[in-house]
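Asker: Below, each chain spelled out in residue letters.
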Amino acid sequence: MSIETKLQKMGLVLPEPIKVPAGVKLPFRFVRVHGNRAFISGHGPQNPDGSIAGPFGKVGSDISIEQGYEAAKRTALSILGSLKRELGSLDDITWLRVFGMVNASPDFTSQPQVINGFSDLILELYGPEHGAHARSAVGMAGLPFAMPVEIEAEIQIG
Amino acid sequence: MSIETKLQKMGLVLPEPIKVPAGVKLPFRFVRVHGNRAFISGHGPQNPDGSIAGPFGKVGSDISIEQGYEAAKRTALSILGSLKRELGSLDDITWLRVFGMVNASPDFTSQPQVINGFSDLILELYGPEHGAHARSAVGMAGLPFAMPVEIEAEIQIG
Amino acid sequence: MSIETKLQKMGLVLPEPIKVPAGVKLPFRFVRVHGNRAFISGHGPQNPDGSIAGPFGKVGSDISIEQGYEAAKRTALSILGSLKRELGSLDDITWLRVFGMVNASPDFTSQPQVINGFSDLILELYGPEHGAHARSAVGMAGLPFAMPVEIEAEIQIG
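Chains A, B and C, in that order, are what the protein sequence lines are. Throughout the first sequence, residue numbering follows the working numbering, covering 2 to 159 in sequence. Throughout the second sequence, residue numbering follows the working numbering, covering 2 to 159 in sequence. Throughout the third sequence, residue numbering follows the working numbering, covering 2 to 159 in sequence.
Think of the hints as simulated: they come from the structure by calculation, not from any bench. Honestly, I wouldn't trust all of these hints.
Heads up, the list lumps identical chains together, so a pair's fine if it works in one copy or across two of them.
Stated by the list, open to error - Capping the alpha-carbon separation at 30 angstroms, the derived lysine-lysine pairs in DSS-like fashion look like this:
| # | residue 1 | residue 2 |
| --- | --- | --- |
| 1 | K7 | K26 |
| 2 | K20 | K74 |
| 3 | K26 | K74 |
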């Protein structure tokens with residue numbers, strides 16, 4: 002079963018290309034492919050129409066761990082949307098590195114529980130072999146657009 | 002002389018696999034090997050029994066630079082423990098990239114002096130050729146379990 | 002036209018090797034080459050003489066977005082200086098990954114506008130094919146020497 006079929010069966014939708022807020026220029030590639038390597042830029046949660054999805058703010062003060070988990074899951078969908086547009090297919094991917102950044106208050110220590118929203122979905126979709134990844138989950142002083150989560154990654158194509 | 006023999010002569014012990022605090026799920030690989038590349042997840046300081054090692058908190062306010070240096074050295078041992086379990090041997094490794102994260106108060110600016118605890122040990126063990134690495138040493142708003150240091154890395158096998 | 006000629010025409014100068022403040026040891030490689038891969042350590046803005054360039058502090062409270070943009074542009078020059086010394090030529094480079102760290106107050110959300118100072122220069126110099134890069138632009142609790150910006154990167158040689 003293809004990854005896209007799995008997503009459909011799970012009722013999950015890949016968002017449209019990001020709608021960048023007015024006045025902001027993002028002069029980089031969301032996915033940078035070179036040979037069979039692909040570097041994935043920092044992505045955040047998006048609504049299906051491509052707009053940046055709330056809730057906004059810091060996990061641990063403004064929003065809950067559960068909301069952060071959902072934001073990380075949405076960030077996975079955002080990345081899969083970029084990969085679909087760049088690669089054409091989501092099927093020939095081996096996950097390697099995931100860097101999970103949580104917009105967090107200084108006393109917040111549950112970053113892993115937040116970024117699990119990303120890892121759980123990727124592992125459910127890709128399985129324990131192709132979906133396995135090294136990971137860090139850490140607290141940032143701030144993130145663009147007050148997003149609660151931003152994730153960058155590296156994958157191998159094929 | 003093997004890396005493990007060097008560690009023994011230095012009186013250093015590799016910790017047991019991490020004992021994750023109750024209720025926390027870490028669904029990723031501590032070392033993700035793909036071909037001759039290995040991505041090392043964010044590790045922190047451990048006690049020899051695998052538990053997360055204190056002191057906890059922010060370098061610059063809760064704990065000193067010297068304690069942070071020791072935490073970074075312990076983090077190197079934690080990573081070497083994961084590499085030993087994953088690769089079987091510590092000997093055929095070329096270090097490439099080290100990303101050193103310090104749980105730090107906003108006015109703390111001595112991150113390099115903290116992460117030197119990692120770099121100094123790796124260079125002593127692996128020498129200036131195989132042990133050489135690119136590095137960043139930066140201040141985080143927070144880290145999981147209130148660890149003072151977390152380090153991720155990439156190596157080449159062989 | 003070579004990258005160095007382009008820099009000259011733009012009136013831009015690559016800084017001398019970094020003059021590290023007294024008492025600080027930086028035991029890593031500013032560029033770690035392995036095969037045709039090169040990992041670039043976290044760099045910050047430098048003056049032409051190699052000293053770390055001000056203004057210092059946090060973007061969003063101590064210094065402006067425009068000053069942050071200039072610091073990111075200077076950081077690009079700092080990295081190009083390191084690459085020139087390590088590789089001999091700046092011409093056979095393909096950019097892959099850029100990790101842009103902004104020393105920022107907790108309420109700052111314009112990290113992309115700051116790191117654009119780096120991306121805009123790299124794209125102007127290298128063009129949309131070799132200069133294209135994946136990127137994250139995120140807020141840090143603190144950076145060494147109170148630098149406002151630190152950037153690490155990965156490139157392919159050739």
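Asker: For each hint, tell me whether it holds in the structure or not.
Answerer: Checked hints:
1. In this assembly of identical chains, the alpha carbons of K7 and K26 lie at most 30 angstroms apart only when taken from different copies (24 angstroms versus 34 angstroms within one copy).
2. Proximity of K20 to K74 under the C-alpha cut-off of 30 angstroms is found in both arrangements, the shortest distances being 19 angstroms within a copy and 26 angstroms between copies.
3. In this assembly of identical chains, the alpha carbons of K26 and K74 lie at most 30 angstroms apart whether taken from the same copy (25 angstroms) or from different copies (16 angstroms).
In summary, the structure agrees with every hint in the numbered list given earlier.
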